[in-house]
Each structure stands twice: as structure tokens, then as C-alpha cells.
Amino acid sequence: DAKTTQPPSMDCAEGRAANLPCNHSTISGNEYVYWYRQIHSQGPQYIIHGLKNNETNEMASLIITEDRKSSTLILPHATLRDTAVYYCIVRVTGGGNKLTFGTGTQLKVEL
Amino acid sequence: SQTIHQWPATLVQPVGSPLSLECTVEGTSNPNLYWYRQAAGRGLQLLFYSVGIGQISSEVPQNLSASRPQDRQFILSSKKLLLSDSGFYLCAWSRSSTWGNTIYFGEGSWLTVV
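Respectively, the protein sequence lines represent chains A and B.
Converting from the first sequence to my numbering requires adding 21 to each position, the first position being numbered 1.
Converting from the second sequence to my numbering requires adding 1 to each position, the first position being numbered 1.
No wet-lab data here; the hints were simulated from the structure.
It is possible that some hints are incorrect.
Claimed, not checked - To give an idea of the chain A side of the interface with chain B (calculated C-beta under 10 Å), a few residues: (1) C33; (2) Y57; (3) S62; (4) G64; (5) P65; (6) Q66; (7) Y67; (8) Y108; (9) T124; (10) G125.
Positions of the beta carbon are idealized from the N, C-alpha and C atoms, including for glycine.
Work out the full structure: start from the sequences and follow the hints.
Okay, here's the thing in C-alpha cells:
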């Protein structure tokens with residue numbers, strides 16, 4: 022399984038863009054990059070995923086480098102409600118479609 | 002639309018007592034189902050997953066077991082709880098194909114073993 026490396030914590034001012042990096046240098050060609058977040062005491066929430074192209078949805082944008090060894094999740098206008106632990110996950114192949122979570126990045130959005 | 006429900010939301014159980022956490026998914030058929038656990042201050046750990054009725058795969062040896070008696074029902078059990086079983090338990094589901102399917106989580110169940 023490809024492993025991911027994320028900074029343990031980041032701060033962001035409300036209204037500014039939050040850019041959360043993730044390294045996955047051992048990713049395989051058929052593995053997706055997924056992002057989830059977990060607000061304290063709640064179940065993880067799906068944000069976005071991609072294979073090699075950049076992706077955007079109503080929550081965030083995902084930028085994947087051309088060599089696919091790293092990616093960045095962008096929250097364009099962070100709010101206090103975006104304070105959460107953000108997990109970057111590379112998809113395990115086969116085996117019932119599993120996800121393996123690391124320790125993630127604690128994002129704190131402040132006034 | 003699809004929904005996932007798990008219960009109870011919180012419970013406090015004495016050491017040595019049995020456990021049963023239930024999870025059901027609505028609005029889809031033949032989903033893949035998962036049980037995760039999150040100990041205090043730790044990341045999520047996959048405990049079990051199932052690709053069909055009666056098909057259970059265990060990721061880590063432990064004091065827990067899982068069963069899937071119906072297509073959209075997943076149960077986490079223990080015969081005798083240990084203090085180390087305390088944690089936040091999450092049920093999750095995904096559509097049943099190999100690639101690119103998102104996993105969706107329930108709201109979780111807080112278990113405190115005393």
C-alpha cells in the first residue's frame with residue numbers, strides 16, 4: 022500500500038484559502054488519492070478524490086502533481102466550520118475496496 | 002439517496018459484558034461494509050470488511066467479531082469486553098466494485114468499557 026505523509030497541524034485565517042499538502046511518493050499507477058475530514062466526535066466526511074487530473078467540487082479542489090507523488094487539497098475560502106482533521110489516503114487495491122487512514126492534518130481555522 | 006445508520010450512539014459497558022453494535026444501509030444493494038475503530042487521540046483502524054452476506058474479512062486479531070446476516074446489515078460483537086475495547090466505532094459502506102468508489106461513514110458509536 023502506498024503510504025502518505027501529511028503535516029500534523031496547520032493554521033488558516035478565516036476567509037483565506039487553506040492548502041493542505043500530502044506526499045505519496047510510492048503511489049501506484051492505478052491508485053486513487055482520496056481526501057476525507059473528521060470534525061471532532063463525528064464520522065469522517067468524504068471531500069474529494071482523483072487519479073491524475075485535478076478535480077474540483079463544491080467543497081474543495083484537488084491538485085495532483087504530474088508525477089502523482091504529491092497532492093494538495095485546497096479549501097478556497099476557509100470558515101471556522103472547516104476546522105477538522107484532514108486525511109489524505111491512497112486507495113488500497115482490491116480487497117473489498119478498503120481505505121487505510123493515517124494520522125492526518127489538524128487544520129485550525131481562526132478569526 | 003443512500004443513508005447509513007448505526008446504533009447505539011453511545012454506551013457504557015462493564016468489563017466482561019457482551020457487545021452488539023448494529024449498522025444498516027438504505028438505498029443501495031450489495032454494498033461493501035466496514036467497521037473501523039478510533040481509540041482516543043489515534044487514527045482510524047480498519048477492523049472488518051465484508052463484500053457480501055456471510056463474507057467477513059478481519060484486519061487485526063482482537064476480541065471482536067463481525068457478522069453480516071443480511072445484505073445491508075452489519076453487526077459488530079464481542080462476548081466479553083475488555084477495557085482496551087473502548088473507543089469510537091464507525092460503520093461505513095461503499096458500492097461494490099473494485100475501483101474508485103467512495104466510502105461513506107456513519108455517525109459513529111462511542112463505547113466506554115468500565
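Here is what the structure says about each hint:
About 22 Å separates the beta-carbon of C33 of chain A from the nearest beta-carbon of chain B, more than 10 Å, and the hint is not met. Taking 10 Å as the C-beta contact cut-off toward chain B, the hint placing Y57 of chain A at the interface holds, the least distance being around 8 Å. For S62 of chain A, the suggested interface contact is upheld, since its CB lies about 8 Å from the closest CB of chain B, less than 10 Å. Because the smallest distance between the Cβ of G64 of chain A and any Cβ of chain B comes to about 4 Å, under 10 Å, the interface hint for this residue holds.
The interface hint given for P65 of chain A is met, as the beta carbon of that residue sits about 5 Å from the closest beta carbon of chain B, less than 10 Å. The interface hint given for Q66 of chain A holds, since its Cβ lies 7 Å from the closest Cβ of chain B, which is under the 10 Å cut-off. Taking 10 Å as the C-beta cut-off, the interface hint given for Y67 of chain A holds, the closest approach to chain B being about 5 Å. Satisfaction of the interface hint for Y108 of chain A is found here, the shortest Cβ-Cβ separation to chain B being roughly 8 Å, below the 10 Å cut-off.
Restraint check, T124 of chain A versus chain B: the minimum CB separation of about 5 Å is within 10 Å; hint holds. Taking 10 Å as the C-beta contact cut-off toward chain B, the hint placing G125 of chain A at the interface holds, the least distance being around 7 Å.
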